[in-house]
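Chemist: Listed below are the residues making up each chain.
Number of protein chains: 2
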Amino acid sequence: MIGEEPSKIRTHEAAEHAFIVASLTAVGVTESDARDVADVLVAADLRGVESHGIARLDTYYVRRIEAGVVVARPEYVVLGDRPTQFALDAGNGLGHPASKRAMRAAIAKAKEHGLAFATVRRSNHYGIAAYYAMMALDEGLIGLSLTNSTHLAVPTYGRDKTTGTNPIALAIPAGDHPPFVLDMATTTVTFGRLEVSERKGKPLAPGWAVGPDGAQTLDPTLAKTRGALLPLGGIGTENGGHKGYGLGALVEILCGVLSGGLFGRDLNTPEDGLHGGQTGHFFGAFRIDAMRDAEAFAQDMARELSTFEQSAPVPGSERVQTAGEPEREFTTRFRREGVPIDPKVWEVLDAMAQRLGIAPLERFTVA
Amino acid sequence: MIGEEPSKIRTHEAAEHAFIVASLTAVGVTESDARDVADVLVAADLRGVESHGIARLDTYYVRRIEAGVVVARPEYVVLGDRPTQFALDAGNGLGHPASKRAMRAAIAKAKEHGLAFATVRRSNHYGIAAYYAMMALDEGLIGLSLTNSTHLAVPTYGRDKTTGTNPIALAIPAGDHPPFVLDMATTTVTFGRLEVSERKGKPLAPGWAVGPDGAQTLDPTLAKTRGALLPLGGIGTENGGHKGYGLGALVEILCGVLSGGLFGRDLNTPEDGLHGGQTGHFFGAFRIDAMRDAEAFAQDMARELSTFEQSAPVPGSERVQTAGEPEREFTTRFRREGVPIDPKVWEVLDAMAQRLGIAPLERFTVA
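Chains H and A are the protein sequences, given in the same order. With the first sequence counted from 1, adding 46 to any position gets you our numbering. With the second sequence counted from 1, adding 46 to any position gets you our numbering.
Just so you know, these hints were derived from the structure itself, not from any lab. Please note: incorrect hints may appear among the correct ones.
FRET-style restraints, in silico, Cβ to Cβ [as the list claims (entries may be wrong)]:
no.: 1; chain 1: A; residue 1: T411; chain 2: H; residue 2: P258; range: 43 to 51 Å
no.: 2; chain 1: H; residue 1: F410; chain 2: A; residue 2: G221; range: 25 to 33 Å
no.: 3; chain 1: A; residue 1: I404; chain 2: H; residue 2: P258; range: 53 to 61 Å
no.: 4; chain 1: A; residue 1: D335; chain 2: H; residue 2: E59; range: 26 to 34 Å
no.: 5; chain 1: A; residue 1: R245; chain 2: H; residue 2: L264; range: 42 to 50 Å
From the three backbone atoms N, C-alpha and C, an ideal C-beta is built for every residue, glycine too.
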């Protein structure tokens, strides 16, 4: 939501899912792969992460397939398949089916051998990182999901863009208590926050972005067009910017280098939609009962999360939340009230449906 | 170094190591365990992390053993030993020997099975997190090291201290290029930075700490005595403070909950030296050639690190560094010039040597 009020024009979860499947199969994606994409995009919209949901269906996925940048029916190649590792070449297909397959492999291997990692190379944008980490929760496992991405961020003391927003997602089950689900870009903010500031005519906060000379800027337009994002911790080292930069580099190494995919200057292309198959992902699944009795862990985990949730809030705040809580609240609300879709996104989706010759997405308006 | 000029009074690496071993064996620690501690403390001083080196020998280790808070010859209990997992109860002994043992186990298991995790519970302060991650480098593996610690930090929108500085360390080999070694507290700064600011009479930077009401403070004394550290990203969510809080909570969960050790309110005791065995650690080791040809990875890794190092610096900076580089430069320098020890630490070490009836640490002065 990026701090904005959700759109009053809504759709239902099932209708959104079916519409995404219809759109992708219309451009040649298999029904099964299209369902994988729909699962991830609908989950993003339900979690309030509008920027990673159906808003990207046309520009990131459908149009790139139509343009031949992304392959509709890729040849998936298994590069490695060992007891605790799985490595996949996604053949420049959509990121979601390849990622679901890799995460499923990691989960199956972890169930048998305690823990497992999986890498994917020559992939594309995979949606929200949390989705894949959360796949592990259904099996009572801890899940990890990382991806590199188009380079938008400078390193500490640098002015070239050398990493993306490179998110880290980790999901840990907590028995009857809702799980811990961390999903964080390793930059202070995402590119979308610059766009929102520009649209609202508001200056950026210090620590968000730099101009072309690498000096901090509060000008959203300059940052967007000729500048770059700052790592978590901001500019220089005073507030720990080198830590965010280090985490971003770590994600780049595990997703780009360890997968045998692209990284560094080879990945440093603009977000122009003209380059497919540049993205790499890294997944992990870990069995809890390999380390500790699972039931005792679940009880302790619930107690640990409650420690945060029941700790004293600062004046003006209702209470302390734990990772994954705001997104869970959005999901409950949007399942009840319908999934909000921005008016501008509706325009894009309607035009796309007409172009593809499919029925438009069903909608209704809330008060 | 925390931004200060190193002391001109120095000692040699070997002399420091022998002195630490003599001190610890004098209070009943076995020669082998004492050597483990010395390895880690000397490495910290060589890396310029003075706060985690011999400066802590008396207060954190020797005196706590003398006071019976930490056990000199603990009973180590192996709680779990599977192909890819190892779990140890450190019996309230020193953190370093237990941690080296756990990391060695993870490395051995990873060499055989591709990857492995290890946990340690009922342990104590283990020194610098990077040490254990870097143990994996000698075997060409990726190493991971996490620890929880005395609660000093508030969660986002909270004013109770619910996590420590909870560092994350990860070491990745890069063939002929020096390795990538990330070692970062998940708070904006460590407690030591508040002490330095107080000593220098300088205000804190925004984003570092809060007062007792959870509101940001720039007063180092207030922050130290009645306040708390802020997570990486600072106060609230505007600059991503919820991300640092999430990372700190993650470390707490893996080290405290997954190890079966203490966490949450049970760990929330002051750093008064009266409570031993509260700390938990988490380690990982991962074989590269399980995911990808190790030689190709090493070459690509060197290329990736060079991408950062050769990227354009901001005006006024010489160049962009990668994680582990500043510490490596300190090590080269201090091996040549001697290990600097703060005058106040010398006083403590001399008094301790006299108390224990051992020879004082050899010293020399540089120009």
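Chemist: Given a hint of 53 to 61 Å, does the C-beta separation of I404/A and P258/H actually sit inside it?
Modeler: With a Cβ separation near 60 Å, I404/A and P258/H satisfy 53 to 61 Å, so the hint holds.
Chemist: Between T411/A and P258/H, does the C-beta distance stay in 43 to 51 Å?
Modeler: With a Cβ separation near 48 Å, T411/A and P258/H satisfy 43 to 51 Å, so the hint holds.
Chemist: Regarding R245/A and L264/H, is the given constraint of 42 to 50 Å on their beta-carbon distance met?
Modeler: violated, 34 Å
Chemist: Evaluate the given range 25 to 33 Å for the C-beta pair formed by F410/H and G221/A.
Modeler: violated, 59 Å
Chemist: Measuring from beta carbon to beta carbon, are D335/A and E59/H in 26 to 34 Å?
Modeler: violated, 44 Å
Violation of the numbered hints given earlier is confined to hints 2, 4, 5; the remaining hints are satisfied by the structure.
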